[in-house]
Amino acid sequence: MTSQTLQQQLLPEIMKTSGIKNVILYDVTTRILPGVVSAVVAFVTKRVQNRAKKLYSGVLQKSGIKEERKGTILLERDYKEVRESNDMFDAVLSIASDLPHARFVKRTANGIFIVETKDAIALNADISFAKLMTAETDGVVQKMVIEVFSFTKDIVQIRDYLTALEQEHAKNRGNKLGRQIYYFDEIAVQPVMRHAPDRAGGAAMVPDLSRSPPVLTFTMFPLQTNKSLNNIYGASVRKAVHRVNFFLSNQAWYRDKGIPYTLGILLHGAPGCGKTSFIKGLAKDTNRHVVNIKLRECTTVQQINNLFYSHRVNVVRDGATSTFDIPVDRRIIVMEDIDCLSSIILDRALVESKPLEHSTEDCNRINLSVLLNILDGILETPGRIVVMTSNAPWKLDPALVRPGRIDVSIEFQKCSIQDIVDMVEGICDIKLDPKQAHGLLHRVWTPAEVTKVIFENLDDVARALEMFRSPPINDKASARTSRDFTRTSRDFTRTSRDFTRTSRDFTRTS
Numbered sequence: 001m002t003s004q005t006l007q008q009q010l011l012p013e014i015m016k017t018s019g020i021k022n023v024i025l026y027d028v029t030t031r032i033l034p035g036v037v038s039a040v041v042a043f044v045t046k047r048v049q050n051r052a053k054k055l056y057s058g059v060l061q062k063s064g065i066k067e068e069r070k071g072t073i074l075l076e077r078d079y080k081e082v083r084e085s086n087d088m089f090d091a092v093l094s095i096a097s098d099l100p101h102a103r104f105v106k107r108t109a110n111g112i113f114i115v116e117t118k119d120a121i122a123l124n125a126d127i128s129f130a131k132l133m134t135a136e137t138d139g140v141v142q143k144m145v146i147e148v149f150s151f152t153k154d155i156v157q158i159r160d161y162l163t164a165l166e167q168e169h170a171k172n173r174g175n176k177l178g179r180q181i182y183y184f185d186e187i188a189v190q191p192v193m194r195h196a197p198d199r200a201g202g203a204a205m206v207p208d209l210s211r212s213p214p215v216l217t218f219t220m221f222p223l224q225t226n227k228s229l230n231n232i233y234g235a236s237v238r239k240a241v242h243r244v245n246f247f248l249s250n251q252a253w254y255r256d257k258g259i260p261y262t263l264g265i266l267l268h269g270a271p272g273c274g275k276t277s278f279i280k281g282l283a284k285d286t287n288r289h290v291v292n293i294k295l296r297e298c299t300t301v302q303q304i305n306n307l308f309y310s311h312r313v314n315v316v317r318d319g320a321t322s323t324f325d326i327p328v329d330r331r332i333i334v335m336e337d338i339d340c341l342s343s344i345i346l347d348r349a350l351v352e353s354k355p356l357e358h359s360t361e362d363c364n365r366i367n368l369s370v371l372l373n374i375l376d377g378i379l380e381t382p383g384r385i386v387v388m389t390s391n392a393p394w395k396l397d398p399a400l401v402r403p404g405r406i407d408v409s410i411e412f413q414k415c416s417i418q419d420i421v422d423m424v425e426g427i428c429d430i431k432l433d434p435k436q437a438h439g440l441l442h443r444v445w446t447p448a449e450v451t452k453v454i455f456e457n458l459d460d461v462a463r464a465l466e467m468f469r470s471p472p473i474n475d476k477a478s479a480r481t482s483r484d485f486t487r488t489s490r491d492f493t494r495t496s497r498d499f500t501r502t503s504r505d506f507t508r509t510s
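Heads up, the sequence shown is in the UniProt record's numbering, so the first residue is 1 and it goes up one at a time.
Simulated from the structure, these hints should not be mistaken for laboratory data.
Treat the hints with care, as some may be off.
[Stated by the list, open to error] Below are the SDA-like pairs computed for lysine to any residue, each with C-alpha atoms no more than 20 Å apart in a straight line:
1. Lys294 - Lys227
2. Lys227 - Asp429
3. Lys143 - Ile187
4. Lys70 - Glu147
5. Lys280 - Asp337
6. Lys227 - Gly272
[Stated by the list, open to error] Label-pair distances were calculated between CB atoms; the ranges are:
7. Asp256 - Ser343: 19 to 27 Å
8. Asp337 - Glu76: 39 to 47 Å
9. Ser249 - Arg402: 41 to 49 Å
10. Arg255 - Pro197: 47 to 55 Å
11. Ala130 - Gly178: 49 to 57 Å
12. Glu116 - Pro213: 46 to 54 Å
Cβ atoms here follow ideal geometry from the backbone N, Cα and C, with glycine treated the same way.
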């Protein structure tokens, strides 16, 4: 007996047991308020049908006959890998955790949703889901499979519902950060070590990159700053600001010209000259998060690929791991002091070629070729901004800083006379007479030192200008030390000559 035949036989009984013994009848010739009467009839008819459906479902369950599904979709979640396909699964469990049956869906400390029942959980009036399988290793969930199904919606309608759910979930997850921009700083994780034979026949401990996590992990802090590209001084900075503004305002131009819509910036110069201030101003003016990475010998290819090609950023806060969705065009990837981070980016002509210490090289280890392909390879990441800083740019491999990978190179120098004038006028809101710039030292003071002196003399600009006509105190101390050393050296030479003369006199006397 089919479910349809059973329904036809049981429906009269259902109607009888439902407590509905009479149906509102009305004279077809009624002319008074026909619209109201029609609405009442439609309402009552719908209530009768809904009641009949519920009773019919109960009778089916008691009869042991399963109602036929109209559509079913299987979703798998692999917790060991970072996959974009996991988003739809997470969206389903995320909404389920907010439903009345939330007690059956819990979220672990590291952000993983776990279904604790095999019973079906309704997502809405027409669509439900149930857990099919869970794979665990040592109590840790590795994989989970759920089925999303409906008795009234077909597979296309279910898919449309899941897609909309996924988009809404991504939007909500992205909005967790709100309008606040954050600084994400990579956590240096100690790699798992393993024994490996060396060429001398012995053994050494080397990183086991096959056991490295697939993603880099970061700490995060709100980025609060008053810095802006408009209040950073210097001719080279102004050129860079123009280039950044062009990049942000002309995406269509890049598309029409067939040029990758990416921006690479190299900041180099002495410490205290404004490199970090530029990054903070860039983040604030572009409203982008800063993601600071530290290239190391144990950084893996998979970790770098996930950082550049995935929207996910893995964060540890208060001992718990969470994941934030930050599109590439909403972040600035920063490699500070890149010449000190790793030898992989140094000029290959300057680095001594050494034989491999171990018999095998892990193919997952990052190298210069991998980094070059990420910056300017086949796969493009539109909207990406990468900033590198260096105190010794001449050490970097030329292939890393060539045009196409680095679009803007900014040298941060000590202040010119005009830079000092601009900073005094900008901070003190005054206009200096050209004569007041007479005697100011050129390329002696760093921007940080100039700012400090101005702040200490906001009520006495003349005194600040007078200080800029002499070297900074540290430079004075260095000069004084140098003079003392020279004087001591001269005294030592004079003493040595006297000793030689005395020795000669002694020899002559003998």
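CB of Ala130 to CB of Gly178, is that within 49 to 57 Å?
violated (35 Å)
Does the alpha-carbon distance linking Lys227 and Asp429 stay inside the 20 Å limit? With Cα atoms ~17 Å apart, Lys227 and Asp429 stay inside 20 Å; holds.
Beta-carbon spacing of Ser249 to Arg402 - inside the hinted bounds 41 to 49 Å or not = Cβ of Ser249 to Cβ of Arg402: about 25 Å, so the range 41 to 49 Å is violated.
Legend entry - Pair hint outcome, Lys143 versus Ile187 [Cα-Cα no greater than 20 Å]: violated (27 Å)
Pairwise beta carbon distance, Arg255 to Pro197, judged against the given window 47 to 55 Å:
holds (53 Å)
Take a quick look at whether Lys227 and Gly272 sit within 20 Å of each other, Cα to Cα. At roughly 15 Å apart (the allowed maximum being 20 Å), Gly272 and Lys227 satisfy the hint.
Holds or violated: Lys70 and Glu147, Cα atoms, limit 20 Å. holds (13 Å)
Task: Assessment of proposed distance window 39 to 47 Å (beta carbons of Asp337, Glu76) - done: Since the Cβ atoms of Asp337 and Glu76 sit about 42 Å apart, the hinted range of 39 to 47 Å holds.
Is the hinted pair Lys280 and Asp337 satisfied, with a Cα-Cα distance of at most 20 Å?
holds (16 Å)
Range agreement (Cβ of Pro213 with Cβ of Glu116, hint 46 to 54 Å): Since the Cβ atoms of Glu116 and Pro213 sit about 27 Å apart, the hinted range of 46 to 54 Å is violated.
Report task. Given the hint of 19 to 27 Å, check if Asp256 and Ser343 actually sit that far apart at their C-beta atoms. Result -> violated (40 Å)
For Lys294 and Lys227, compute the direct alpha-carbon distance and say whether it is at most 20 Å.
violated (24 Å)
In summary, the numbered hints that this structure violates are 1, 3, 7, 9, 11 and 12.
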